[in-house]
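Between the sequences and the hints, there should be enough to build the whole structure, so can you do that?
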Amino acid sequence: MTKEQAEKRIQELSVLLEQYNFEYYVQDNPSVEDYVYDGLMQELRKLETDFPELLSPQSPSQRVGGTASNQFEKVSHAVQMQSLQDVFDFEQVSDFVTRCHEVFPEAEFSVEPKIDGLSVSLEYHDNQFVLGSTRGDGFTGENVTANLKTVRTIPLTLKLKEKLPLLEVRGEVYMPREQFFKLVAQQEENDEQPFKNPRNAAAGSLRQKYSEITAKRKLDIFVFNLQRCEGKEFASHSETLEFLKDAGFHMIPGWKLCRDFEEIKNAIEAIGNSRQNLPYDIDGVVIKINNLEQRTLFGATSKTPKWAIAYKFPPEEKETTLREIEVNVGRTGALTPVAVFDTITLAGTSVSRAVLHNQDFITEKNICIGDRIIVRKAGDIIPEVLRSVSHAEQAVPYKLPECCPVCGAKAVRDEGESVLRCPNISCPAQLHKQLVHFASRDAMNIDGLGTAIINQLLEQKLVSDPADLYALTVEQLLTLEGFQKKSAENLVNAAAKSKTAPLDRVIFALGIRNIGQKAAKLLCDRFLTLDALEQAEKSEISEIEGFGEIMAENFYTALHDKSVQNLLAKLKAAGLTLQYQKQEVSKNTFFSGKTFVLTGTLSQMKRNEAKQRIEAAGGKVSGSVSKKTDYVIAGEDAGSKLTKAQDLGISILSEAEFIEKL
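One gets this note's numbering by counting positions in the sequence shown from 1 and adding 121 to each.
For the record, the hints were derived by calculation from the structure and aren't laboratory data.
Treat the hints loosely; a few may be bogus.
[Unchecked claim] Computed list of lysine-lysine pairs in BS3-like fashion (alpha-carbon distance at most 25 Å, straight line): (1) Lys317 to Lys303; (2) Lys642 to Lys715; (3) Lys377 to Lys433; (4) Lys339 to Lys282; (5) Lys620 to Lys683; (6) Lys282 to Lys129; (7) Lys129 to Lys317; (8) Lys582 to Lys693; (9) Lys317 to Lys433; (10) Lys353 to Lys280; (11) Lys749 to Lys765; (12) Lys693 to Lys639; (13) Lys195 to Lys732; (14) Lys377 to Lys427; (15) Lys639 to Lys303; (16) Lys715 to Lys732; (17) Lys339 to Lys366; (18) Lys284 to Lys129; (19) Lys782 to Lys703.
[Stated by the list, open to error] Distance ranges between label pairs, derived from CB positions: (20) Ala530 to Glu666: 29 to 39 Å; (21) Asp247 to Gly760: 16 to 26 Å; (22) Leu413 to Phe209: 23 to 33 Å.
Ideal Cβ placement from N, Cα and C applies to all residues, glycine included.
Printed below as a string of structure tokens:
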């Protein structure tokens with residue numbers, strides 16, 4: 122295929138894939154099957170690999186990145202991203218409407234659900250998405266373009282016939298409830314501190330250093346305002362909303378035009394009554410003047426517009442009786458107390474349990490079994506105990522047990538931690554969750570081995586540690602409920618296939634505290650073999666970039682624990698290869714041992730590819746400029762990193778010079 126043919130086909134594929142993205146993620150009405158979409162995406166990626174000079178930052182293939190983001194460079198907002206004046210009752214809403222009608226008797230109001238997420242700005246030049254930033258303090262935010270590109274409902278190219286020189290819109294990035302529940306379950310499974318509500322989850326996910334992590338969080342966005350536009354004029358807010366919908370944006374749903382207070386009140390109540398049935402969180406209703414000229418005349422304070430308010434729903438709190446406190450044991454041995462109370466209805470659902478976190482939390486709130494307690498849903502999602510109202514007679518402050526409630530081992534509390542832990546790695550409660558983690562996709566990826574099957578394996582005493590999974594036979598599996606010969610053979614084959622997993626995945630699969638996928642890879646990059654890892658000193662481990670004393674201590678202690686050593690020996694005997702292949706570093710005297718910073722847009726390769734080639738040549742890529750930086754590679758539209766490099770007198774390479782050095 123010639124370059125001209127490839128360019129034409131890439132354009133065709135890009136248009137098709139963006140249309141299918143729009144149908145699937147915005148309209149919720151896909152016109153093609155997933156395998157058709159996947160086939161077209163594979164074709165596009167192959168063409169961009171074969172012809173890297175044709176790769177565009179707006180390509181649908183650039184939705185999900187795997188590199189560190191741009192370290193959140195500062196972005197100055199051309200239009201201040203103001204906050205809204207909050208009101209909490211209908212009297213305040215009535216006062217706002219009266220003030221507006223005193224100046225403009227015929228004023229109309231747009232009444233919209235207030236999405237509980239993270240406010241961002243999206244900027245387009247000639248219909249192409251070029252910059253995404255957080256609100257920050259309203260005047261200056263952070264550049265999160267790479268992470269926002271992973272949000273599938275954000276169009277990379279606007280669906281407009283005319284080309285607009287500039288368009289900036291404002292939206293709210295949020296995490297759907299279903300995705301939030303999955304994330305929290307995963308965090309709890311890993312004994313991580315779970316996000317309290319979807320808003321915090323969205324904010325934390327959007328500010329990840331690595332955009333591939335943001336992509337996995339499956340964020341969404343609703344656009345709700347036009348900030349500025351060149352090439353087209355509008356008279357009203359409602360007109361801009363219709364225009365932005367046609368341009369391909371995922372628009373705020375459920376908005377309504379109202380003329381007076383009674384209509385506004387009815388609209389607020391309707392939105393409030395429907396909020397529990399929505400797949401996302403709203404925390405209020407926004408009321409704003411519809412006419413754009415009237416808005417300008419009303420003006421604004423230094424923080425808020427005078428032409429809009431936000432009616433906030435009051436948090437629902439209820440009193441109930443605490444009947445007991447259960448103690449659950451997590452995968453890493455964490456003892457987590459859970460309050461069990463008389464069932465109440467909160468935010469439209471029945472609630473009878475809430476996590477009490479740890480002993481410090483219980484002590485601070487002076488919680489006793491039998492108390493009358495106040496419970497609410499944090500962010501209308503996660504039940505939480507706010508306080509104790511009254512104690513029962515002869516009530517005694519609750520204390521977590523000194524021993525594990527499952528295996529009886531004496532619990533321990535590490536210095537600097539608030540969590541009490543069971544130290545017995547063979548504890549049955551830990552074993553179940555350890556097996557689930559070991560078989561998970563990011564660990565050994567034993568396809569088909571889910572929680573229900575693991576429950577049966579433990580009940581029938583067919584496994585006592587992860588290594589026993591490799592000794593399972595078809596005959597044994599056929600004794601379990603739901604297995605047929607084919608499904609049993611598939612599971613045995615899946616386990617056998619996982620034996621070739623590289624050493625870093627095995628290390629991650631062990632479930633050692635604080636040792637995630639990235640940490641496991643860093644360990645293997647440094648020590649290469651299991652023998653070398655076992656012989657490494659704590660001081661050597663802590664010297665790895667990205668590690669600290671706690672991580673080094675946890676890994677060193679775990680790897681020298683007798684039960685872990687026995688497990689590794691059994692895994693080796695079961696036929697696991699326990700091999701690790703570090704990427705070979707070619708000798709290039711220019712790059713070897715030097716630190717590089719990439720800034721701006723490269724036209725001939727993706728930033729991820731540039732990073733990989735620098736590292737393959739023996740160099741190191743950093744996300745920020747400092748005195749330790751040797752070279753800054755500047756592409757198009759290089760920003761503050763280039764300026765800082767010039768101020769520090771650091772050598773600058775153009776993209777052409779960089780490629781020549783390679």
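These are the hints, each one checked on the structure:
1. Using a Cα cut-off of 25 Å, the hinted pair Lys317 and Lys303 holds, with the two alpha carbons roughly 13 Å apart.
2. Note on Lys642 and Lys715: the hinted pairing holds, with a Cα-Cα distance of about 22 Å set against a maximum of 25 Å.
3. Proximity of Lys377 to Lys433 is assessed by CA-CA distance (about 17 Å); at most 25 Å being required, the pair is judged to hold.
4. Of the pairs offered as hints, the one joining Lys339 and Lys282 is violated, with about 30 Å between alpha carbons and a cut-off of 25 Å exceeded.
5. About 22 Å separates the Cα atoms of Lys620 and Lys683, which keeps this hinted pair within 25 Å; it holds.
6. The straight-line distance between the Cα atoms of Lys282 and Lys129 is roughly 20 Å, inside the 25 Å bound, and the hint therefore holds.
7. Taking the CA atoms of Lys129 and Lys317, the gap is near 48 Å; set against the 25 Å cutoff, the hint is violated.
8. As the CA atoms of Lys582 and Lys693 are separated by approximately 22 Å, the hinted pair is consistent with the 25 Å bound.
9. Note on Lys317 and Lys433: the hinted pairing holds, with a Cα-Cα distance of about 19 Å set against a maximum of 25 Å.
10. Taking the CA atoms of Lys353 and Lys280, the gap is about 15 Å. The hint holds against a cut of 25 Å.
11. For the hint linking Lys749 to Lys765, the alpha-carbon distance of about 13 Å falls within 25 Å, and the restraint holds.
12. Note on Lys693 and Lys639: the hinted pairing holds, with a Cα-Cα distance of about 23 Å set against a maximum of 25 Å.
13. Pair hint Lys195 plus Lys732 holds up; C-alpha atoms about 22 Å apart against a cutoff of 25 Å.
14. Only pairs whose Cα atoms come within 25 Å are accepted, and Lys377 paired with Lys427 is accepted, the gap being roughly 20 Å.
15. With a CA separation close to 21 Å, the supplied pair Lys639 and Lys303 stays within the 25 Å bound.
16. For the hint linking Lys715 to Lys732, the alpha-carbon distance of about 13 Å falls within 25 Å, and the restraint holds.
17. For a cut-off of 25 Å, the pair hint linking Lys339 to Lys366 stands: about 21 Å separates their Cα positions.
18. A hinted pair counts as satisfied when its Cα atoms are at most 25 Å apart, and Lys284 with Lys129 qualifies at roughly 20 Å.
19. A threshold of 25 Å between alpha carbons decides the hint, and for Lys782 with Lys703 the separation of about 24 Å falls inside it, so the pair holds.
20. Checked against the hint of 29 to 39 Å, the C-beta distance between Ala530 and Glu666 comes to roughly 35 Å, which is consistent with it.
21. Range check, Asp247 to Gly760: Cβ separation about 19 Å, and the 16 to 26 Å hint holds.
22. At about 28 Å, the CB distance of Leu413 to Phe209 agrees with the hint of 23 to 33 Å.
This entry does not satisfy hints 4, 7, going by the numbered hints stated previously.
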